[in-house]
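Asker: Which chain is which? The protein sequence lines are A and B, in order.
Quick note: the first sequence uses this note's numbering, first residue 376, plus one each step.
Quick note: the second sequence uses this note's numbering, first residue 280, plus one each step.
Everything labelled a hint here was simulated from the structure, so no lab data went into it.
Keep in mind that this is a model prediction, so the values were computed, not measured.
The beta carbon of each residue, even a glycine, is placed where N, CA and C say it ideally should be.
Treat the hints loosely; a few may be bogus.
Once the Cα atoms are required to be at most 35 Å apart in a straight line, the calculated DSBU-like pairs of lysine-lysine come out as [as the list claims (entries may be wrong)]:
1) B:Lys-339 to A:Lys-378
2) A:Lys-523 to B:Lys-436
3) B:Lys-339 to A:Lys-556
4) B:Lys-429 to A:Lys-439
5) B:Lys-339 to A:Lys-377
6) A:Lys-590 to B:Lys-339
7) A:Lys-377 to B:Lys-429
8) A:Lys-520 to B:Lys-290
9) A:Lys-522 to A:Lys-438
10) B:Lys-429 to A:Lys-556
11) A:Lys-523 to A:Lys-590
Quick list of simulated restraints, FRET-style, between CB atoms [said to hold, decoys possible]:
12) B:Gln-370 to A:Arg-461: 52 to 58 Å
13) A:Arg-546 to B:Arg-414: 46 to 52 Å
14) B:Val-380 to A:Arg-444: 46 to 52 Å
15) B:Leu-340 to A:Ser-532: 45 to 51 Å
16) A:Gly-471 to B:Gln-370: 27 to 33 Å
17) A:Gly-455 to B:Ser-309: 49 to 55 Å
Spelled out, the chains give:
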Amino acid sequence: MKKRFAETDNVRRFLAGVNRAVMSPPGIDKFMLVYGEVGLGKTETSLWWKNCHSPRSAFVRIKKAMSVRWLLEEVVAELGLVPERRTSDLFHQAVGELMGSDRALIFDEVDYVADKRTLVETIRDLGDMTGTPIILIGMPWAEIKLKKFPALWRRVSQVVQFGGLGPADVRAVMDQICEVKVADDAVAAIAESNKCVSTAGLYRWAQACESVARKHGVSEVRAEHLARAAA
Amino acid sequence: MNTRGIIGSVKAMLADISVVDGHFHEASASLNQILSGLPELPRRPVLRVLDRLCRDGDLKLQTEALVSPAPGESGPKRRNPTWLIVRDLRQRRDNQVKARVTCRDKIWGTLRSLRRAMTLSELCRLTGCGENVVREYLLMLVRHEYVAAKGKIGREKAWMLVNDCGPRRPETPEATS
């Protein structure tokens, strides 16, 4: 199996959204919301984007018990600074480091704190004062929860919804990472199977296709091979 | 004074204590002992720098004492920990400004961010780094007890972060032969 990140439809829409947010001129707000069901690869896609396209960006996973000080401390530490003690110092550290740079802030599981007004408003303050792109990642209800904050929601210029994986995604992943050919009927069988609900599941299917091809000595995996292996 | 200046002064002080005739020896140092050698530095940032060195594995906490405020001072009792200096502080790379993010930084960041068992293939996919680079660094992290093997995912061995020392990847001295 080729060790590369497969571009599904969700990934392509994420890239389009994040590029629009990053490239937008001053004056246009650079907030982006990514939401969708669990297991569709939101966190992994944003990590891959950070690693490969914007390595100096900061990725912060929000925790349910987080306070403003804790959030700022994590942001400052992720930016590579030694956090100061006071909240105001932490805020100024983060603003000083981000201002004028193209480093993005990625907040994962943002719906955890969508009911904490001070935290949400702090994230908005960071975006307002630095003009840096801010990517918010959350569950399907993140959109509804964040809409309760009109001042923040007005700044969200890009919204990307991660949808379920269809036959086109299965075909794209198999073509990109699988080292054996996968026939259309096998792709359809994988797409219909209830084990194809997450991107991690698709990678496992690609691995399974290669095992089946090796076992049966075939160059193209068909649905019958997969059925025989499952039996 | 900025934090970089404080780290430099603290490192120099710790090196004074632990390096004898140009050779490193393990030695103990308490916060008050370090502060007495650095009278121009404020106590709190020095303590934070020392805590960070402890998190990075350069120092090992020996005792955690509480000292009453000096005559004329008020407030609660203050920490006065004693650390054992276990690594040669002269070899830390704090003074090097990081110009670029390396593959090792990406691997460490990915292990920290996902917080679950991951295979080598997953790390290659998410970081865009070569298989050999990832394997070499994973094994190094295992050797230094930051990462441990956690069963298998599919046919591949899974690895998990077991000791998180912060966003900055840990100092992992190369084995010299």
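Asker: Hint by hint, note whether the structure agrees.
Answerer: Now for the hints, and whether the structure bears them out:
1. B:Lys-339 to A:Lys-378: Given that 35 Å is the threshold and the Cα spacing comes to 39 Å, the pair is violated.
2. A:Lys-523 to B:Lys-436: With Cα atoms ~44 Å apart, Lys-523 (chain A) and Lys-436 (chain B) exceed 35 Å; violated.
3. B:Lys-339 to A:Lys-556: Roughly 55 Å between the alpha carbons, so the hint for Lys-339 (chain B) and Lys-556 (chain A) is violated.
4. B:Lys-429 to A:Lys-439: Holds: Lys-429 (chain B) and Lys-439 (chain A) sit about 26 Å apart, inside 35 Å.
5. B:Lys-339 to A:Lys-377: At roughly 43 Å apart (the allowed maximum being 35 Å), Lys-377 (chain A) and Lys-339 (chain B) break the hint.
6. A:Lys-590 to B:Lys-339: violated, 53 Å
7. A:Lys-377 to B:Lys-429: holds, 23 Å
8. A:Lys-520 to B:Lys-290: violated, 47 Å
9. A:Lys-522 to A:Lys-438: holds, 20 Å
10. B:Lys-429 to A:Lys-556: Status holds; Cα separation ~32 Å.
11. A:Lys-523 to A:Lys-590: violated, 55 Å
12. B:Gln-370 to A:Arg-461: 52 to 58 Å: Distance hint for Gln-370 (chain B), Arg-461 (chain A) is violated at roughly 32 Å.
13. A:Arg-546 to B:Arg-414: 46 to 52 Å: Given a distance of about 31 Å, which is not inside 46 to 52 Å, the answer is violated.
14. B:Val-380 to A:Arg-444: 46 to 52 Å: At 27 Å between Cβs, range violated.
15. B:Leu-340 to A:Ser-532: 45 to 51 Å: Since Leu-340 (chain B) and Ser-532 (chain A) have Cβ atoms about 48 Å apart, the given range 45 to 51 Å holds.
16. A:Gly-471 to B:Gln-370: 27 to 33 Å: holds, 30 Å
17. A:Gly-455 to B:Ser-309: 49 to 55 Å: About 29 Å separates the Cβ atoms of Gly-455 (chain A) and Ser-309 (chain B), which means 49 to 55 Å is violated.
In the structure shown, a violation is registered for the earlier hints numbered 1, 2, 3, 5, 6, 8, 11, 12, 13, 14, 17, in ascending order.
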